[in-house]
Structure formats: C-alpha cells, structure tokens
Amino acid sequence: MTDILDAKATQPLRGGPCFSLKHRIQRVIWNVVWGLFASWTPPPLHRYRVAILRLFGAKVAWSAHVYSSARIWFPPNLTMGEHSCLGPRVNCYSMASITLGKYAVTSQGAHLCTGMHDIEDADFQLSAKPIVLEERAWVAAEAFVGPGVTIHQGAVLGARGVLFKDAEAYGVYVGNPAALVRYRSHPIEITTTTE
Amino acid sequence: MTDILDAKATQPLRGGPCFSLKHRIQRVIWNVVWGLFASWTPPPLHRYRVAILRLFGAKVAWSAHVYSSARIWFPPNLTMGEHSCLGPRVNCYSMASITLGKYAVTSQGAHLCTGMHDIEDADFQLSAKPIVLEERAWVAAEAFVGPGVTIHQGAVLGARGVLFKDAEAYGVYVGNPAALVRYRSHPIEITTTTE
Amino acid sequence: MTDILDAKATQPLRGGPCFSLKHRIQRVIWNVVWGLFASWTPPPLHRYRVAILRLFGAKVAWSAHVYSSARIWFPPNLTMGEHSCLGPRVNCYSMASITLGKYAVTSQGAHLCTGMHDIEDADFQLSAKPIVLEERAWVAAEAFVGPGVTIHQGAVLGARGVLFKDAEAYGVYVGNPAALVRYRSHPIEITTTTE
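Chains as they are written, first to last, in the numbering used here: chain F, 127 to 321; chain P, 127 to 321; chain H, 127 to 321.
Note that these hints are calculated values from the structure, not bench results.
Do not take every clue at face value.
Copies of one chain are not kept apart here, so a pair can be met inside one copy or by any two copies together.
[Claimed, not checked] With a cut-off of at most 20 Å between alpha-carbon atoms, the simulated SDA-like pairs for lysine to any residue come out as follows:
id, residue 1, residue 2
1, 148, 170
2, 228, 166
3, 291, 162
4, 228, 252
5, 228, 245
6, 228, 243
7, 148, 308
8, 228, 213
9, 291, 303
10, 228, 158
11, 228, 244
12, 291, 306
13, 291, 308
14, 291, 256
15, 228, 250
16, 291, 307
This one's a predicted model, so the numbers in the text were calculated from it and none came from an experiment.
Construct all of the structure, not just a fragment, from the sequences and the given hints.
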C-alpha cells in the first residue's frame with residue numbers, strides 16, 4: 127500500500143485538496159488512460175485490462191477478471207489474487223489498500239470504500255483504512271463494504287448489504303446494517319483445477 | 127421466458143462464460159442498437175422505444191413507458207402490461223422473466239435482479255428466477271427486488287427498500303431487508319378511463 | 127422555492143406529464159448547458175460551476191463546492207451556504223427546495239430526493255417536500271434523504287443510510303431505515319478562519 131494521505135495537512139471542510147499535486151496528476155493520467163484504452167473494451171479482454179492495471183502499479187494475477195466499467199480509484203493500492211473478480215460498475219475506492227484473495231468475487235455495482243471522514247475532528251479530516259476480501263469471499267450486487275473491514279474466508283455479503291465490521295469466515299450477511307443470518311457450508315473444495 | 131442459462135455447463139468461479147456464444151452475440155447486438163437508437167432519446171418518445179423493444183422480442187404494451195436510461199439485460203424475457211413503467215436508470219436484469227402488470231411502476235434507479243449464485247455450490251453456479259410485479263405494484267426509487275420475488279397487486283416497496291421475499295397485496299414495505307409496515311387503502315379504482 | 131408542481135393537473139399513472147411545457151423546456155436547456163459546459167470539468171473549477179448554477183437561478187455561495195458529476199434536477203430550488211458541498215454523483219432531485227447550510231457536506235453518490243407519489247391517491251399523484259441540511263450536517267456516501275426531511279445542525283447520516291424522518295442535531299444515524307446510534311461531540315468549533 128502506498129501512503130497517499132497526509133491527514134494532518136488536509137482541510138476537507140474548507141475545500142482544500144486532500145492529496146498532493148503529484149498524486150492528483152497521477153490519478154488524472156490513470157483515469158485518462160483507463161477511459162481511452164479500457165473503459166469501452168468488451169468483457170472477454172480481461173487479460174488486457176489486467177496488463178493496464180499492472181502497468182500502473184496494481185498487483186493483479188493474470189487470471190483475475192476486471193470488467194471495463196469497474197472504477198479503480200488508485201491502482202497501486204489494489205491487490206488481486208488468482209481468479210478474483212471486480213464485476214461491472216464495481217467502485218474500488220482504494221484510498222487505502224484493497225486486497226482480494228483467490229476466487230474472491232465482487233458482483234455488479236459493489237462498492238469497496240476505504241475512505242471516511244473523522245466526524246469528531248473539527249477539520250473533518252479524511253482518513254482511510256484497508257479492506258480485505260479473503261479467499262472465496264463474495265460481495266454480491268450493489269453491496270457496500272466500509273473502511274477497515276475484513277471479509278474472512280468464504281464469507282458472503284448479500285445483495286445491497288452494508289457492512290462496517292468484519293465478517294466471520296463462511297458467514298452469510300444481509301441487510302443494512304448487515305447482520306449474520308447463517309453459515310455457508312464449508313469447507314468448499316474447488317472441484318476443477320483446469321482453467 | 128427464454129431459457130438461456132445452462133447452469134451445469136458454467137463455471138463462473140473459473141471465469142468461464144455462463145452463456146452460449148449465440149446468446150452473447152444477441153446481447154451485444156441488442157446493446158449496440160439500444161445505445162445508438164434509443165439511449166439518448168427524450169422522455170416523450172416512449173412509443174418509439176417500445177417499438178425497438180418489441181423488435182427484439184419483448185412483450186410490451188404500446189401504452190407502457192420505458193425511459194431511455196433504463197437498462198434491459200435481455201428483451202425476450204421482459205413483459206410489460208398497459209401503462210406500466212420502467213423509470214430512468216432502472217436496471218431490468220432479466221436473466222429470467224420479468225413481468226410488470228397493468229399500471230405497475232418502477233421508479234428511477236430501481237433494480238429488478240433475477241440472477242444469483244448458488245453459494246453452496248463449489249462452482250458458484252449462476253441461477254435465475256423470475257420476478258413478477260402485479261397490477262398497480264410500485265417499486266420506488268433505487269429499491270432492489272431479488273430473484274424469484276412476486277410483488278402482489280398494489281403492493282409498494284419504498285425507496286431503497288430491498289426485498290428478497292414476496293410482498294402481500296397492498297402491503298407497504300420499507301427497509302433493508304424490507305419489512306411490512308402497513309397496508310395501502312384498497313381497492314383503489316382507477317378514476318379516469320381516457321387514453 | 128419555485129412552485130413547479132400542480133399536482134391536481136397530473137396523472138402520473140396515465141403517463142401524462144407532471145410539469146408544464148415551459149418548465150420542461152427550461153430543464154432541457156439546463157441539462158444541455160450543464161452537459162456541454164460543466165459535466166466534464168475537472169474538480170478544481172468549483173467557482174466556474176457555481177457561476178453556471180447561479181446563472182440558472184440557484185442561490186449558491188461562491189465558496190461552495192459542486193462536483194461536475196453532481197446532478198441538479200432544477201437549479202432554482204437549490205440553496206447552498208458557504209463551504210457547503212455536493213460531492214461526485216450526488217443526485218440533487220430538487221422538485222421542492224433543497225437547502226444546504228454552511229459547511230454541510232454530501233458525499234459521493236448521495237441522493238437528496240424531494241419527490242414522492244401519494245400511494246393513497248387513485249391517480250398516484252406526484253408531490254414534493256423540501257429537504258434541509260443544516261450547518262455542518264453530513265450526508266455520507268450513497269446515503270438517501272427522503273422528501274420533507276430536515277437534518278439538523280451537525281447531524282450525520284452514515285454511508286448508505288436511508289432517512290425518512292428528521293435527524294436530531296449532532297445525532298449519528300446509520301442503516302435502512304436509519305436509526306440514531308450515538309451523538310457526535312458538540313459543539314465543534316471551526317478551527318481555521320482563513321479563506
């Protein structure tokens with residue numbers, strides 16, 4: 127994870143920029159490149175999009191799937207394991223590191239949000255905490271994962287679920303705020319090994 | 127409803143395609159046509175957009191309203207009764223059939239999601255179940271309706287409500303997960319018969 | 127606030143327009159102007175976007191921040207105090223007046239929704255009620271504020287929170303429907319006075 131936030135220097139409530147000029151230029155370039163070369167590409171070109179992400183510092187396995195409409199805030203903070211997936215319109219708001227383990231899946235419109243404001247601070251400081259999706263975790267359609275959350279192995283956050291605390295391994299969470307409703311059968315073996 | 131999913135053949139967790147090549151080409155053509163000829167059209171041209179949908183196999187009454195920013199995943203699975211409505215930015219994710227009865231309304235940003243994964247299956251199989259909105263049902267702004275749900279006659283799902291089970295006739299549901307909070311007065315007669 | 131809605135004349139369920147032709151033309155012009163001259167502008171040009179909003183009748187302080195991807199339904203109904211903010215992709219659905227006090231902040235993807243339908247009315251009439259965010263209120267990422275709601279001074283609606291009733295001063299609300307979970311320390315003094 128690249129530390130990009132120097133909270134002491136920021137005054138979000140005053141409208142001042144929270145990031146260095148260099149960092150902001152880096153993100154402008156990133157957005158222009160993704161917009162021109164990736165955002166319109168058809169689904170099967172996952173490997174090509176992974177190559178672009180790697181070029182910008184993301185640590186992404188070649189077998190990972192990243193849809194063209196996914197939005198990655200800052201690639202150097204993104205790590206994706208084998209066969210992990212950022213689905214269509216996923217918002218990967220990587221102010222802090224975001225890590226997807228092997229076979230971790232985020233479905234369409236999910237939001238991984240590492241940034242927050244300190245509501246007890248007079249300057250309303252911006253802060254950021256890492257998000258981790260362990261192996262085989264699933265964040266379903268349009269669910270929201272808050273700053274600092276770890277979704278442990280095989281856990282599921284149901285569609286539109288909103289999670290601000292950690293999810294137990296193989297737990298199934300639904301609702302806003304998300305509550306544990308049951309457990310997934312485990313361990314689940316991956317039955318096929320070909321690709 | 128056109129059966130498009132041969133679940134046994136798919137391996138979503140491996141990143142394999144879940145749909146036949148023919149089906150995928152069909153959807154590419156659909157998306158290109160909607161993008162070029164409908165997505166930018168002003169609100170009053172509902173009848174024109176209905177014509178395009180019918181051309182692609184949707185069963186839509188001429189009096190139905192479909193906004194240009196609505197997204198229909200697969201038209202042959204969509205059925206819309208008289209004066210029913212898909213509002214702006216509605217996501218009509220029709221992997222299985224989606225049926226709107228007469229005067230059924232979906233407001234801006236609503237999501238009708240027929241697709242899901244089997245979390246007890248090692249291959250994380252994709253499956254799909256039909257959604258039905260009966261006559262005069264209302265799915266309010268940015269609400270979410272899950273796979274297999276029937277919203278019975280006159281029932282209301284409030285803004286941002288998230289529903290995974292059926293809604294009783296004339297029930298009013300709010301929250302995530304949505305809970306029944308009261309009943310709408312019924313029966314409601316349609317007072318005007320013009321148009 | 128400009129009264130734009132003559133509910134008695136509308137028949138939303140019949141698909142009739144809810145607004146006068148003059149009003150609708152006004153909004154078409156507004157959308158074209160914002161689309162051409164503002165929607166693509168980089169973040170720092172807040173003052174330029176404020177100028178465009180003022181030109182169309184919004185009462186916005188020069189120090190306010192309005193991101194280019196924010197969507198303002200009808201500018202004359204918008205009032206923004208000093209250092210208030212409409213973040214990226216905020217949906218400011220101003221069928222009735224929307225007022226942000228000094229330092230009130232709405233984060234990315236928040237939805238301020240003043241419009242609703244009367245579910246007990248046979249014609250499903252459209253109505254609209256004002257929304258007020260008092261000084262230093264914060265509506266966090268992708269939260270939803272319903273018609274008629276006042277968020278009192280310093281109150282917080284957490285990410286993805288959905289609020290249909292008023293929020294107490296300095297209360298912190300989370301969930302859908304949003305519930306009061308604690309209070310923010312108060313009063314918070316603004317520590318810096320520059321700018």
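- prompt: Any of the earlier hints contradicted here, and which numbers?
  reply: 2, 3, 7, 10
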